[in-house]
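Participant: Each chain, letter by letter, is given below.
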Amino acid sequence: MYNFELVKPSTLQDAVAALKSEDAQALGGGQTLLPTMKARLAMTEQLVALSGIDEIKGICTDDDGRICIGGATTHTAVAEGATGYPALASLAARIGDPAVRNRGTIGGSLANNDPSACYPAGALASNATIVTNAREIDADDFFRGMFETALDEGEIITEVKFPVPEKAAYEKFIQPASRFPLVAVFVAKFSDGVRVAVTGAASDGVFHWSEAEEALSSDFSEDAVKSLTAPDAVGMISDLHGDGTYRAHLVKVMTARAVKAAV
Amino acid sequence: MPKDTGIGASPKRREDVRFLTGKGRYTDDINVAGQTHVVFLRSDVAHGTIKSIDIAAAEAMDGVVRIFTSKDFEGVGGIPCGWQITSRDGNVMQEPKHPVLAEGKVRHVGDPIAAVVAETESQARDAMEAIVVEIDELPAVIDMKKAVAEGATKVHDELDSNLCYDWGFVEENRDAVEQAMKDAAHVTTLELVNNRLIANPMEPRVAVGDYTSHDGQSTLYTTSQNPHVIRLLMGAFVLNIPEHKLRVVAPDVGGGFGTKIFHYAEEAFCTFAAKALERPVKWTSTRSEAFMSDAHGRDHVTKIELALDADHNFTAVRTETYANMGAYLSTFAPSVPTWLHGTLMAGNYKTPLVYVNVKAVFTTTVPVDAYRGAGRPEATFQLERVIDKAARELGVDPVELRRRNFIREFPYQTPVAVEYDTGDYDATMDKLLTMIDRDGFEARRKDSESRGKLRGLGINCYIEACGIAPSKLVGQLGARAGLYESATVRVNATGGLVVMTGSHSHGQGHETSFPQVVADMIGIPEDQIEIVHGDTANTPMGMGTYGSRSLAVGGSAIFRATEKIIAKAKKIAAHIMEAAEGDIELKDGKFTVAGTDKELAWGDVTLAAYVPHNYPLEDIEPGLEETAFYDPNNFTYPSGAYACEVEVDPETGKVDVLSFAAADDFGNVINPMIVEGQVHGGIAQGIGQALLENCAYDEDGQLLSASYMDYAMPRAHDFPMFQVDHSCATPCTHNPLGVKGCGEAGAIGSPPSVVNAVLDALASAGHDVGHINMPLTPAKVWAAMNNAGGTGSGTAHGRSVDGPAAKI
Chain Z
1 MYNFELVKPS TLQDAVAALK SEDAQALGGG QTLLPTMKAR LAMTEQLVAL
51 SGIDEIKGIC TDDDGRICIG GATTHTAVAE GATGYPALAS LAARIGDPAV
101 RNRGTIGGSL ANNDPSACYP AGALASNATI VTNAREIDAD DFFRGMFETA
151 LDEGEIITEV KFPVPEKAAY EKFIQPASRF PLVAVFVAKF SDGVRVAVTG
201 AASDGVFHWS EAEEALSSDF SEDAVKSLTA PDAVGMISDL HGDGTYRAHL
251 VKVMTARAVK AAV
Chain S
1 MPKDTGIGAS PKRREDVRFL TGKGRYTDDI NVAGQTHVVF LRSDVAHGTI
51 KSIDIAAAEA MDGVVRIFTS KDFEGVGGIP CGWQITSRDG NVMQEPKHPV
101 LAEGKVRHVG DPIAAVVAET ESQARDAMEA IVVEIDELPA VIDMKKAVAE
151 GATKVHDELD SNLCYDWGFV EENRDAVEQA MKDAAHVTTL ELVNNRLIAN
201 PMEPRVAVGD YTSHDGQSTL YTTSQNPHVI RLLMGAFVLN IPEHKLRVVA
251 PDVGGGFGTK IFHYAEEAFC TFAAKALERP VKWTSTRSEA FMSDAHGRDH
301 VTKIELALDA DHNFTAVRTE TYANMGAYLS TFAPSVPTWL HGTLMAGNYK
351 TPLVYVNVKA VFTTTVPVDA YRGAGRPEAT FQLERVIDKA ARELGVDPVE
401 LRRRNFIREF PYQTPVAVEY DTGDYDATMD KLLTMIDRDG FEARRKDSES
451 RGKLRGLGIN CYIEACGIAP SKLVGQLGAR AGLYESATVR VNATGGLVVM
501 TGSHSHGQGH ETSFPQVVAD MIGIPEDQIE IVHGDTANTP MGMGTYGSRS
551 LAVGGSAIFR ATEKIIAKAK KIAAHIMEAA EGDIELKDGK FTVAGTDKEL
601 AWGDVTLAAY VPHNYPLEDI EPGLEETAFY DPNNFTYPSG AYACEVEVDP
651 ETGKVDVLSF AAADDFGNVI NPMIVEGQVH GGIAQGIGQA LLENCAYDED
701 GQLLSASYMD YAMPRAHDFP MFQVDHSCAT PCTHNPLGVK GCGEAGAIGS
751 PPSVVNAVLD ALASAGHDVG HINMPLTPAK VWAAMNNAGG TGSGTAHGRS
801 VDGPAAKI
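For the record, the sequence lines run as chains Z and S.
Numbering-wise (our numbering), the first sequence opens with residue 1 and increments by one.
Numbering-wise (our numbering), the second sequence opens with residue 1 and increments by one.
Misleading hints may appear alongside valid ones.
What the hints assert, rightly or not - Pairs of lysine to aspartate or glutamate residues, derived as DMTMM-like cross-links and limited to a Cα-Cα distance of at most 25 Å, are as follows:
#1 S/K51 / S/E119
#2 Z/K38 / S/D710
#3 S/K145 / Z/D239
#4 S/K453 / Z/D138
#5 Z/K38 / S/D656
#6 Z/K167 / S/E59
#7 Z/K38 / S/E137
#8 Z/K226 / S/E121
#9 S/K654 / Z/D64
#10 S/K453 / Z/D223
#11 Z/K226 / S/E651
#12 Z/K260 / S/E449
#13 S/K145 / S/E203
#14 Z/K38 / S/D649
#15 Z/K260 / S/E651
#16 Z/K38 / S/D62
#17 S/K654 / Z/E155
#18 Z/K260 / S/D44
#19 S/K97 / S/D62
#20 Z/K260 / S/D656
#21 Z/K38 / S/E59
#22 Z/K38 / S/D44
#23 Z/K226 / S/D447
#24 S/K654 / S/E585
#25 Z/K38 / S/D718
#26 S/K654 / Z/D223
#27 Z/K38 / S/E103
Calculated directly from the structure, the hints in this document are not laboratory data.
Being a predicted model, the structure only gives us computed values, none of them experimental.
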């Protein structure tokens, strides 16, 4: 690990200010950034820890019935506190291991947008709104490819607002080494349609499986998924743990299982 | 009745108190005053010529003490290999130099190019990044069969080719085996890969070199399974330090699994640099370095053929294996695919003819050497897989096919040099079948099917050669060392004992089980006995711990030394009690005179040995301390039968292990709890190999599985509770304890039953896929099911062909 300065502001305003300096980097729970720094794969002059900012922590329900989660809220806190959205709480409860869940945050996970992370699927399928210190961004506009998001330099995720679907479930097939999703699918049924978000499968990261969304919007059943052809293997990740064809196949299997679990 | 003490009891492991309370003293806990830190600049390419190494900028950086390159090691020996194999043509193996730091070329990702010694590790790392190395890349050599083809890029320019040796065993049987294959009623053929593994002990390797100029003493603290072996190899062959000027200490070691047997360049470097700088030098491997510098295991590509007559008797076995040596020959590497592999190809069966051909190949990968089981898992896997495949082709019960061919008369001279002293393969198989409720399997399978899952049962036998090894025999086989073990038993004046052993404990529980042996012999409590190991300064010359040898060989040395102690103590007791020596009995820590009520406590006699006021000084010396060296006259042959039951998810290919049972014959057992723990650990590693672990290189020689993000270590929740049994004991006939060894059995016996079970599950749905190479990842199992399809058989006219899945 290279040497760096650590600042730990207690207000959002101070954090935003601190991140204006060149070579400053926001630190959420550090579950990706710290191992990267330890391996000397990342170098930063200044780390701005967000964990001291109480105003971006916690879970509440807004007037529209949305579950609103502060950006610096840990996975454990969501697993235990998002009782109004059990499928989301279940997703949080299954991320990594206890150490990861006790440190890692929802804002950190979304801002990192690892193509195999869990939260992007939950946010995209739920049509969540990502709130930052500067604006609100629809999930559909937020994820821009592997490790890429709509966030600007120094922009901090302060809150994520999840509309609560009628039915939802997250089905994860883990990669046996990293225990990240090899393929995971979040299915959310709203009154105006079904959203299906897939993580782990594609090189560009989380995506909508629109054929399944269309089929399920008219018939929310396992059979509706089974009658579909698996998505195109082109663009799927191919590695030691499975090629694109296998991942595409798993997208279909996990979608059907998520529907079954949600029904 | 379970015993409370001595042989056969299960006292809790005394070493666990310190391990579980953070009081273990590992090599990285050792810091010597004035210590410097070294980091190694390692090659990030698989193969290339070093054009230049520019250290000027790095040398000027803060805290840098000195930067070493191969130029500093001119006149220093290479890392030696401990075994020499002779090829079929009578030539000895090709043996390239293994320099401490790369000379002229780099030959694998991770090959050390330069070493930066600095005041702190961080400073060393900063300076390392400032070194500029120019390398002309050469093609990587990865595929073994391509590596030995005409015109292949050579890993070592000075060698004739990448072929280390081409070994035939038993060469005289070659033609007879060929004839038996032609005459057979049925031949089953199987091509398979024994997947390359990375041992991943919890504690990475560490070395601390120290040197004191006033007496010219070098000391190396290191994470080793055998400190005396390191002292011998490094002192005599690399650094030219006589043994009395070199001390090697291996304190608590956090797991070895074979990969800490070998002498490594980093050990030689720290010892060398400490003297050159007259300052201690410490190296602690990072986990990333461990992946690319700890010797890997397995990596065999094999074709095996099993010939049977019309009554299903095995008539011949023939195997051809390409064994990966990696870039250089590690300490034991040449012996693993040969003498630890070919000699086991008879298995538990009375096959009269066996021919084994092994081609050892240099590639631009990390050196490959012994890993838990070492050669014996590779032998067991191919044999037990081909037998299962034969049973499926012939439509016979795989258990009955094995039984038909069991060896039942002992001693049994195999056609592959070794002679089994004892065994009862029917007994362990019978025991296994009672453990697994085989009759209930069909009902369980139906239950799985009702949940949309495929259920399979895999059974296999294994035999291994342990208690390594008779020195005379291994000397004939190419070993450059003896493989005896030693013990010094020191009895103190007040009766307590210190046992100094050449064995080394790094998870085996020697500190608990060795005292059980001595306590049993004398009849005193185990807490009267302390075990000392791991330091060449205070233990007799010993060969260390590997090959399930510590109890069978090291324990036998302790037994012999304790016998000498008891014999001398009886002489002293006879003198004091004025009785004939032959009338003295020792029981429960008391000396008595037969036919009288005279008695002396153990402590009275030990005191007399050190306060010899009333003592037979004219006949014997005072004191009570004895040393024994024990050289076995045969290997030991643990054996057993294993069973695995799995459920396969046909939609995803995921395999769940539902149950695993092991019936082992370890001969006599000293501490059943420790034995069970060893078997549990071995099975976990075997299932890990079968389902999860895969060390993979790409064609450019980059290590793809270079971290835990891609190298899948098994975890507790991957396993059911294991059922283990060791009640079928046929004691070893040639060591005084009648023990065989249990450290490797689980890792040797378990992979075939897992694979057999998965293939059985697939076959139940009509997928006769022949074979799937380990690890049986969900992706591979799913692909095998979907490529094989239908009910098409993998056999044709008694000659089998692999399904497409075999190529995965």
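Participant: Against each hint, give a clear statement of whether it holds in the structure.
Facilitator: So, going through the hints one by one against the coordinates:
no.	hint	verdict
1	S/K51 / S/E119	violated (29 Å)
2	Z/K38 / S/D710	holds (18 Å)
3	S/K145 / Z/D239	holds (24 Å)
4	S/K453 / Z/D138	violated (41 Å)
5	Z/K38 / S/D656	violated (35 Å)
6	Z/K167 / S/E59	violated (64 Å)
7	Z/K38 / S/E137	violated (29 Å)
8	Z/K226 / S/E121	violated (57 Å)
9	S/K654 / Z/D64	violated (42 Å)
10	S/K453 / Z/D223	holds (19 Å)
11	Z/K226 / S/E651	holds (12 Å)
12	Z/K260 / S/E449	holds (19 Å)
13	S/K145 / S/E203	violated (35 Å)
14	Z/K38 / S/D649	violated (38 Å)
15	Z/K260 / S/E651	holds (15 Å)
16	Z/K38 / S/D62	holds (21 Å)
17	S/K654 / Z/E155	violated (41 Å)
18	Z/K260 / S/D44	violated (47 Å)
19	S/K97 / S/D62	violated (35 Å)
20	Z/K260 / S/D656	holds (22 Å)
21	Z/K38 / S/E59	holds (24 Å)
22	Z/K38 / S/D44	holds (19 Å)
23	Z/K226 / S/D447	holds (24 Å)
24	S/K654 / S/E585	violated (63 Å)
25	Z/K38 / S/D718	violated (29 Å)
26	S/K654 / Z/D223	holds (22 Å)
27	Z/K38 / S/E103	violated (30 Å)
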